[in-house]
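**Student:** What follows is the residue order along each chain.
There are 2 protein chains.
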Amino acid sequence: MALRELRNDLLLRALKRLPTERTPVWIMRQAGRYLPEYRATRAQAGSFVQLMKNPALACEVTLQPLRRFPLDAAILFSDILTIPDAMGLGLYFEEGEGPRFQRTVRSPDEVAALEVPDIKSELSYVFETVARIREALGDSLPLIGFSGSPWTLMTYMVEGGSSRDFKRAKSLLYREPDAAHALLNKLVAAITQYLIAQADAGADALMLFDSWGGALSAPLYLEFSLHPMQRIVQGLKAVHPDVPVIVFSKGAHAMLDPMARIGADALGLDWGISLHQARALVADRVALQGNIDPAVLLADRPRIRAEVRLALESFGHGHGHVFNLGHGITPDVDPEHLGALLAAVHDLSPHFHQ
Amino acid sequence: MALRELRNDLLLRALKRLPTERTPVWIMRQAGRYLPEYRATRAQAGSFVQLMKNPALACEVTLQPLRRFPLDAAILFSDILTIPDAMGLGLYFEEGEGPRFQRTVRSPDEVAALEVPDIKSELSYVFETVARIREALGDSLPLIGFSGSPWTLMTYMVEGGSSRDFKRAKSLLYREPDAAHALLNKLVAAITQYLIAQADAGADALMLFDSWGGALSAPLYLEFSLHPMQRIVQGLKAVHPDVPVIVFSKGAHAMLDPMARIGADALGLDWGISLHQARALVADRVALQGNIDPAVLLADRPRIRAEVRLALESFGHGHGHVFNLGHGITPDVDPEHLGALLAAVHDLSPHFHQ
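Chains as they are written, first to last, in the numbering used here: chain A, 11 to 364; chain B, 11 to 364.
Careful, some of the hints might be misleading.
Said to hold, decoys possible - Here are the simulated BS3-like cross-link-like pairs (lysine-lysine), alpha carbons at most 27 Å apart as the crow flies:
no. : chain 1 : residue 1 : chain 2 : residue 2
1   : A       : Lys26     : A       : Lys247
2   : A       : Lys177    : B       : Lys26
3   : B       : Lys26     : B       : Lys177
4   : A       : Lys260    : A       : Lys177
5   : A       : Lys247    : A       : Lys260
6   : B       : Lys26     : B       : Lys260
7   : B       : Lys260    : A       : Lys260
8   : B       : Lys177    : B       : Lys247
9   : A       : Lys260    : B       : Lys177
As the list claims (entries may be wrong) - Sample of chain A residues lacking proximity to chain B, with all beta carbon distances greater than 12 Å (derived):
no. : residue
10  : Arg77
11  : Leu81
12  : Val126
13  : Arg178
What the hints assert, rightly or not - Cβ pair distances, simulated, as ranges:
no. : chain 1 : residue 1 : chain 2 : residue 2 : range
14  : A       : Asp344    : B       : Gly171    : 24 to 32 Å
15  : A       : Pro268    : B       : Asp342    : 50 to 58 Å
16  : B       : Ala290    : A       : Glu31     : 36 to 44 Å
17  : B       : Gly171    : A       : Arg77     : 48 to 56 Å
18  : B       : Glu186    : A       : Glu138    : 44 to 52 Å
19  : B       : Pro341    : A       : Asp149    : 35 to 43 Å
20  : A       : Asp267    : B       : Pro187    : 30 to 38 Å
What the hints contain is simulated information worked out from the structure, not anything from laboratory work. Idealized CB from N, CA, C, for every residue including glycine.
Could you build all of it, start to finish, from the sequences and the hints given here?
**Tutor:** Following this line, the structure appears as structure tokens:
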């Protein structure tokens, strides 16, 4: 299957480390609470979960940042936790508390009882959203689909929500490794089907958000986070060999070398490691996406521009860099500051591609 | 000044990368809530702050873990935030919320108004505690003194407590770098005096806890976290050249190479990077302290022993490793599990020193 013909395919070329005229840029959580139009649509939907499950409104908020800003990709508006929700765990959000589940999966028996849902029907709202966005985008821009990684989904399923130290999830790894693998196997199967179906519906690139990979020691990361992601990447490549895959294990700076060997096209980076250092570690095996601290957007515009220049210089000359933050944009950012960041990427990056 | 003559000087030799018969071990927060005798003494004191400011009781809780376990060092019972408290910010603890300050320092004017306290008198309770512990230890074991790092103290002073994203503190770095440096300069002066006075009172080794160094991008870490710590290390070495200094920037895995060049004797590590990888990065410039995930102590004893073996193998043969967790021991740990970890270090580590 060839790459979709798009008028702006900078992202897809950069993810494949092909030449581009400038550095493409998109922003994690670009459809988010910093935008007043997003807040209005969310209020109309009622809640975050209702917004995400409504294809018309989810499509609308996906498109909102593209109307304001010269971004090089759309990203599906959804959540990383749709699959455990489809498994019957009951996703909800407490104000200021992050995601929570009504039910948890903690014992080997609970893992055994967990069924892999019929992804196509249980998550049809996601694929309908993808199809609507694809239709609305036409041939203008690529669309990124995504899921949480198996280990990251497991932390929420075991803990019942966010955690500081992941004690219950880690205890399962240490005390019941067979049950942990059984749970991760079910998640690998579900996530693979899910991302294939997103690509079938029109996603041009796919991303695994391993938000909590950095919480694990090296041997546990390799066994319980990276290896399951490798199996997903293999499953995706078997069906959609030309759809680029991005893997982002936040905080796992010491794991970049093994991460670059699992067949992903690109790795996400946070600001804890410089693009220069990361590029030297991964050599020419993968593209890199990142990595400005979202706190930079709280600075004034000259400083924002200076930080963009530093990031571009840090990656250096050549192709294979997708500009992004190292984490989602925060609700308190002035949208005009994001505009300043994007303008700086457009202005300053062509030099690095000559 | 020669090293103090101690019957067990394994820690001091390991920090200097001198030969030892086995790997020395101590545990961050070894005097803590996992011990019933600690909880009893804390209840007697009234609150954490009252306990820490009472030299007799602070000495008592420092000694408690040494009565149970074959540890190779005592560590002063105190808090990383004593200096901002002595600056008049009013340290207190909300149950389950971590440390808080009654007053914050956020503007250039507030930074300018902040006075470096008379450390000797304002923090006399700390030096009295150190002297009591030193007296009680006799020539048995070394005593570790410590402080929070300048950047870490700054985060609490600016934010008013713990933070997820350090937005206010980072905004000061980006928007008011001169004020940030002015604040850090005052903290460098205070911390240097404070640690010199701890060594004068009987501390045999000194540690800087840079709990939030890992939250900064590489250039900000170097400028606002590492460089101030380097000035402290230089100040300490000028007065106490033979007292080993340990620097621990939690989460700053990509910064180990510059960290190994500031004159510290040892670096603390969390479990996000293997001892093997870290040892290769720092070569023979510093000793390494760490790095087991505290969650390991929730596993069963055979697994705890296996994890100790993995850590010893990861560092490999040779000297310059101080065994520790990568973060403080948590309140829910069964003390007997810590006993199993220590027994494994005693049993398994001599092999690596042959």
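**Student:** None of the hints should be skipped; say for each whether it holds.
**Tutor:** Comparing the hints with the structure gives:
1. A/Lys26 <-> A/Lys247: Holds, because 14 Å separates the two Cα atoms, which is no more than 27 Å.
2. A/Lys177 <-> B/Lys26: Not satisfied, since the Cα-Cα distance of roughly 35 Å exceeds 27 Å.
3. B/Lys26 <-> B/Lys177: 38 Å, violated
4. A/Lys260 <-> A/Lys177: 18 Å, holds
5. A/Lys247 <-> A/Lys260: 23 Å, holds
6. B/Lys26 <-> B/Lys260: Holds, because 21 Å separates the two Cα atoms, which is no more than 27 Å.
7. B/Lys260 <-> A/Lys260: 15 Å, holds
8. B/Lys177 <-> B/Lys247: Roughly 34 Å between the alpha carbons, so the hint for B/Lys177 and B/Lys247 is violated.
9. A/Lys260 <-> B/Lys177: 19 Å, holds
10. Arg77: Label holds. Min Cβ-Cβ 27 Å, cutoff 12 Å.
11. Leu81: 23 Å, holds
12. Val126: 28 Å, holds
13. Arg178: Not fine: 9 Å to the nearest Cβ puts A/Arg178 too close to chain B.
14. A/Asp344 <-> B/Gly171: 24 to 32 Å: Holds, at about 25 Å.
15. A/Pro268 <-> B/Asp342: 50 to 58 Å: 32 Å, violated
16. B/Ala290 <-> A/Glu31: 36 to 44 Å: For A/Glu31 against B/Ala290, whose Cβ atoms are near 39 Å apart, the range 36 to 44 Å holds.
17. B/Gly171 <-> A/Arg77: 48 to 56 Å: Given about 39 Å between the Cβ atoms, the range is violated.
18. B/Glu186 <-> A/Glu138: 44 to 52 Å: Holds: the Cβ-Cβ distance is about 48 Å, inside 44 to 52 Å.
19. B/Pro341 <-> A/Asp149: 35 to 43 Å: 58 Å, violated
20. A/Asp267 <-> B/Pro187: 30 to 38 Å: At 34 Å between Cβs, range holds.
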